[in-house]
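Line order of the protein sequences matches chains A and B.
To convert, take the position in the first sequence, counting from 1, and add 26; that gives my numbering.
To convert, take the position in the second sequence, counting from 1, and add 979; that gives my numbering.
Just so you know, nobody snuck in bad clues.
Sample of chain B residues with no beta-carbon within 12 Å of chain A, all distances over it, derived: (1) Asp1087; (2) Phe1107; (3) Tyr1122; (4) Pro1179; (5) Gln1237; (6) Ser1312; (7) Glu1373; (8) Pro1532; (9) Asn1564.
Taking beta-carbon pairs under 10 Å as the criterion, some of the chain B residues facing chain A (in silico): (10) Ser1038; (11) Ala1137; (12) Ile1209; (13) Phe1286; (14) Gly1289; (15) Asp1488.
Have a look at the derived ranges for each label pair, beta carbon to beta carbon: (16) B/Asp1450 to A/Thr301: 31 to 41 Å; (17) A/Ala70 to B/Ala1068: 37 to 47 Å; (18) B/Gly1254 to A/Asn187: 24 to 34 Å; (19) B/Arg1236 to A/Thr301: 37 to 47 Å; (20) B/Arg1197 to A/Leu46: 41 to 51 Å; (21) A/Leu321 to B/Arg1197: 42 to 52 Å.
Hints are computed from structural coordinates only; laboratory data are not their basis.
C-beta atoms are modelled at their ideal positions from N, C-alpha and C, and glycine is treated no differently.
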Amino acid sequence: MHYALNKLAYGGLLILGVTLVSFSLMVWFGPDQTYTLIGKNASAEQIAEVRQQLGYDQPFAMRYGRFLVDLVTLNLGASNSSGEQVYSILKKTIPVTLALMIPGFILGNLLGIALGLLATYKKDQWIDRLITGLSVTGMSISFLVVIIFLQVLMCTPYGLNLFPVRGWQVTDLASYLHYVTVPTLSLVIIALGYNTRFYRAVFVEEAGKDHIRTAKAYGASPVTILWRHVLKNSMVPIITRFMFSIPLIVISGSLLIESYFGIPGIGKVTFDAITSGDQPVLKAIVGLTAVAFILIQIATDFIYKLVDPRIA
Amino acid sequence: MTCWGKLNPVILSDNKPLYKFLTIAALVVGAACDSTSPTQETGDRGYSIYRHSMDGAPSSLDPAQASNIYANFLAVNLYDTLYRYKYLARPYQLEPNLADGLPQVSSDGLIYTIRIKPGVHFIDDPAFPAAKGRALRAEDFVYSIKRQFDPKTRAQGAWLWQNRIVGLDEWKENGSDYSLEVPGLKALDERTLQIQLISPFPQLTHTLAQGYSAIVPREAVDHYGQEFAIHPVGSGPYRLQMFNSAGAVLVRNTGFRQEPFNLEAEGFDPGVHGGFELEALEGLTVPFTDRIEVEFIAEDASRWNSFLAGELDFIKVPVTQFDQVLESREPLSLHPALAEKYHLLANLESGFVHTDFNMDDRRIGYHPEPQQNVRNKALRCAIIKAFDWPKRNEVFYYGIGQVFPGIIPPAAPEFDEKQSMAPVQRDLEGARMLLDQHDWNPSNLPVLEYGFPSSVTERQMFEQFRSFLGDIGYPAEKVRPMTFASYGDYARAYLNRDVMLITIGWTMDYPDAENTVQLFFGPNSSPGSNSANYNNEEFDRLYRSGSSLQASPMRTTMYRNMNRIVIDDCATISGVSRKMILLWNRELRMLPDRSFVGGFFFRFVHTGDAGTNPGEPAQ
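Extracted from the complex, chain A is given alone in its bound form (with noise of 0.2 Å):
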């Protein structure tokens, strides 16, 4: 209990640590919407009224105490680009980018922990050479050219014509998987690359480790060796990996998967209030994000506690 509180302390200071430099960057550098909210031939004085509705009038101290406030009685306001309640668009788009993100972070992570773990087994061995050199190549190439490849390759008459280019209408598994699979592959190709050459590194310093040789001593089978020993014990560093990814997820999103094939998520979402300087839905953001964090900041020392013990 006493642990729980410290941490929800810590987090209460990091949130307002976090949207301070964040509420800081999107004031003084961030796009002024004014500009674009304006007509043509605006006068002086339009463009103050603009400014006034934007609140842009107001002194920072009191921009930022009302965004504290707004965001701990969640009252995150309307877009002020669209006028969409805040909460209804990410209500919305939330979901999306859930369902288009988790199959590849999943799959991107399980393969990336299988091929690592093959890596190690065969360490030094052509398949480690060949698995650790196609990880580095993954990572060398842009994810745009891996989209655009992709599409053209699995969604048009140049190449097997199986998927869609765009869209979102799904309604059911069988079109869930149809709008799905491009982007997934997208993902999980670019993801592999990282996630194997780092849980390799991972399990090529676990399998270094003492208990590993005492193990062989014993004369443990290599799969008991790589699936009791190795991978359990490097559980810590796959924890804080997979956890402090979800946070980007879910509220991030991926802004190239959603623009380049049409996928009304959150990702495309944050990228325009960005571009805008649609200061509501990023405070949201923000404010979300950093909540999300220390959330999952507590929740993976608790994972932590399950996994290892011997963590204090």
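With chain A's structure known, arrange chain B on it following the hints.
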């Protein structure tokens, strides 16, 4: 929800890990199912679909904020405007839309009386009592224009009527109280409205064909509040079914007035339009298509792939694909493989791109010392002479843009085809001579700051500009980029007169050169649309006289004189009208229009055999 009906029986009946996983997956899928999103159907779907792509997206569907082409296209189809433009006639001609005829104008040109068609209803919507759309009244138009002057609306179209309509500006000054009447804006009865102008404004009827002037019901604005922008309630040919960051779906408004299509009245010319099979549309009821799916696709590659995959019926071809699409530029023709499937149209934009000198900047513009003023003008003229328009056109517009001198673009009816092209012909000798004559040399030339929002293309344009100036000996280090993170930041800077060289594109709001010459009218200086902050007494005098005249040869001459004045003053490097390559499915009977006033064409799209039963209600 249909999603759950199909998933629940399978996944909620077992506790095995696989089923647990599927349950979680189904929860996510279920939450992600958009119950309002359309089903992709083909073949015997029973209704016709037209799938349109846009290279940008509107953020609001409130007509008061229909300031860009994307928003305007949707606004004029979801709402009614009093007037529209004829489908096929070029130059554009006004046509009554909701109005039952052209306005009756008093002899002094100050009072416009307009009757609206009978029996027009707003769509059914919860905003109305019993959710039943009521009859549209002249009072709704009065309300809609008043909204433009209500600061709470954050309207972007008020400038069209500012200082034009008797009492409207005062109404705003007095607090935008809707219970107060505006003397110059009256509903004489349910179907008659009267507009009284402060001074003649012949372009008024054009403004009544803009999305801004679309008629909204007060009940809906009150009911939805800020979210009215995403809950359009109009009387146009379509109603909104779905709208998000990726697209919009419009379905036929079954209550839309039954109006037969008259080919001749729409400006059909067999010589021009003969190949599009539009003759078959004669007498059909508008709108022809049950459902319009609009995809917002900013990414060129994705838009092109989607079009090739047959997911779209129409595309504005990305410039990067021109080489693959066109077999020849002169005359423009498609590659044979594409020509079998698609129609081609080269659509000259109703607008132009130009680079203004900030005349308020003493280093390049007006200077209080007459001698320096003359030197600055010589410098501007030398820069214009150094500008290589053919190269700009070739590199950035595939060589098919139309370069012209001055500020009246080819799409304007007042454009002079016979004018001298000398102002847009490169003259390096003349430029160097001007610099020498006015004692400009590399050491005393001012630093030029060329502003642009950050992007690769804009940067390339800047580099090209710098190279042009290098050819007349302008030191490269004295031509500097001034970049901005977003267009909003760039606009803020130039509207605050902080940018020395301002490159902008202007899209004409209506087909009248008044809309472009006003860009150089002194009182419109920044933060108005005169971003050059140009100020010329003779120009302003001509503008004041000419803008109040009805279209006539005399007015055209006045506009052309104004064009000449701007050219002679070397106030802007201008200009080029871009040409867009439009492709659409040959099965469709339509003529697309990508100009600002072109959105009305949606109602005239006929899917041919692609769909069925045009004229029947949407499913």
